[in-house]
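J.: Residues per chain are reported as follows:
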Amino acid sequence: MSDLFDSIVSRIREDAAAGLLPGHLQTASIEPGMTLAELGVDSLGRLALLTALMDLTDQYIPDTAFTEAQTLGAIVDQAAAMARPSS
Amino acid sequence: MNLAAPHSASVDRAPTRRELRAALAPLASPSTAVALTWLTLDAAVWLALTAVAATAVPWGWKLLASLAAGLWIARLFIIGHDACHQALTAHRRLNRVLGRIAFLPSLTPYSLWELGHNQAHHGFTNLRGRDGVWVPLSPQEFAALPTHRRWLERVYRSGWGPGLYYAIELWWKKLYFPRPDQVGGRRAVFAQDGALVTAFAALWLGGLWAAAAWSGSSAAEAVLFGLALPMLVWKNLMGFVIYVHHTEPDVAWYDDGAAWAASMPYLGTTLHLQAPVLDLLLHRILQHPAHHLDMTIPFYRLKAAQQRLQALAPRQVQVRRLSWNHYWQVVRQCKLYDYGNRRWLGYA
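Chains as they are written, first to last, in the working numbering: chain A, 1 to 87; chain B, 88 to 435.
Chain A extracted, bound-state conformation:
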């Protein structure tokens, strides 16, 4: 797993502890192949993930990253690809 994936899992656990994401995510296993639905992430949760990914990558990530990618791993890979310098 990438550093970015580990960082986003850490943010998910923090947001779960704060009550913004489902409480079971504080301790549950979070794998790259899990979908947002399997994680119990709703529209508020997607906002939390989106802002966390933007903060971690210093990069704007459009909402489409969440509709096009099915799994958390795919979302993180897409965010990492966007964050890579292209010029």
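Read the hints as simulated data drawn from the structure, not as lab findings.
Quick reminder that beta carbons are idealized off the backbone N, C-alpha and C, glycines included.
Possibly wrong hints are sitting among the right ones.
[To be verified] For each label pair, taking beta carbons as the anchor points, the in silico distance ranges come out as:
| id | chain 1 | residue 1 | chain 2 | residue 2 | range |
| --- | --- | --- | --- | --- | --- |
| 1 | B | R180 | A | T71 | 26 to 36 Å |
| 2 | B | A120 | A | T71 | 41 to 51 Å |
| 3 | A | D3 | B | A286 | 37 to 47 Å |
| 4 | A | G23 | B | F287 | 16 to 26 Å |
| 5 | A | S7 | B | L154 | 43 to 53 Å |
| 6 | A | Q26 | B | E228 | 38 to 48 Å |
| 7 | A | S7 | B | G216 | 24 to 34 Å |
| 8 | B | S305 | A | R13 | 44 to 54 Å |
| 9 | A | Q26 | B | F264 | 19 to 29 Å |
| 10 | B | V406 | A | S7 | 43 to 53 Å |
| 11 | A | G40 | B | V406 | 43 to 53 Å |
| 12 | A | P32 | B | A112 | 26 to 36 Å |
| 13 | A | T71 | B | V364 | 45 to 55 Å |
Guided by the hints, dock chain B onto chain A, whose structure is given.
T.: Here is chain B on its own, set in the frame of chain A:
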């Protein structure tokens, strides 16, 4: 480019957010002792001022104490705001506890503030559709509003309306038991935090009544000077501070995420307003670009962070002297927004 060096006026490109954050990282180190000292001190001052305002002292003292209590609500709020950004101490759980305590006098539900401020406002500053703070309407949107709503918008942006805007559009609609569609969903913690501030308000009212009874003062006066007037001062201060930091002819708003992202929003969507006394009274909240760049810098290090930021990005950080004239010029020029041409407009 060596961002560790304080002299960067010769750079020919704007530093990235990552570079700037790396340069300011040493300042993002909170001290639990400093945090607890400020919280205890400000809470004690607020309690003392509220007690004076609620008891049988001459009217002049009551009024003075009441106005100062409003200011101290704002100071406590700023400590809670740091906690919510995890900037107050290095301990996440402690921050959540201290933040909730510091937010009580302003009746701010912590988790909803975290959602609307940390995620929506800081994540997407001045991007319409995401940031929900003082979002300007386009002329077409304004024209399509019903008459009463157009009138309310005019009051909000009249220069006298920041408190009303904060009370209605942010506190009532998005913080205090908001409808799920106003904040994007429902969470148990939102209701719990709403109940917490409601219980505190009841305790506050009970305390004022008891203080009035003990000192032989009127209960209505105690509520007026011990709660209502401080709350009025607080809401106006809050509405004003968020207005002046993100509304200005040279501060752009966006309705397109890609254009917003390309505009260096980490520097261009807020201003450094210079007003030393107000800045000191409000725990350095006027060092706003540094705060927006890195929310984890505690308030007592923001001035140093802002100085460093201005040395690193002198052409990108916008600095203004906050004065009566500045405020009213902004109020006159910034009523509506032309998102296509990215410029502020007056009412036609």
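J.: For each hint, tell me whether it holds in the structure or not.
T.: Structure-based check of each hint:
Look at R180(B) against T71(A): about 30 Å separates their beta carbons, and that is inside 26 to 36 Å. Evaluation of the 41 to 51 Å hint for A120(B) and T71(A) yields a pass: the beta carbon distance comes to about 44 Å. A hinted range of 37 to 47 Å for the beta carbons of D3(A) and A286(B) is consistent with their spacing of about 43 Å. In this structure, G23(A) and F287(B) meet the distance hint of 16 to 26 Å, their C-beta atoms being roughly 25 Å apart.
As the Cβ distance of S7(A) to L154(B) is approximately 45 Å, the hint placing it in 43 to 53 Å holds. Between Q26(A) and E228(B) the CB atoms are about 41 Å apart, so this pair conforms to the stated range of 38 to 48 Å. Our hint of 24 to 34 Å for S7(A) and G216(B) holds, since their Cβ atoms are close to 26 Å apart. In this structure the hint that S305(B) and R13(A) lie 44 to 54 Å apart at CB holds, the actual value being about 52 Å.
The hinted window of 19 to 29 Å between Q26(A) and F264(B) holds, with their beta carbons roughly 26 Å apart. Our hint of 43 to 53 Å for V406(B) and S7(A) is violated, since their Cβ atoms are close to 34 Å apart. Judged by the Cβ atoms, the range 43 to 53 Å given for G40(A) and V406(B) holds: they are separated by roughly 45 Å. Distance hint check: the CB atoms of P32(A) and A112(B) are about 29 Å apart, consistent with the given range 26 to 36 Å.
Distance hint check: the CB atoms of T71(A) and V364(B) are about 53 Å apart, consistent with the given range 45 to 55 Å.
Violation of the numbered hints given earlier is confined to hint 10; every other hint is satisfied by the structure.
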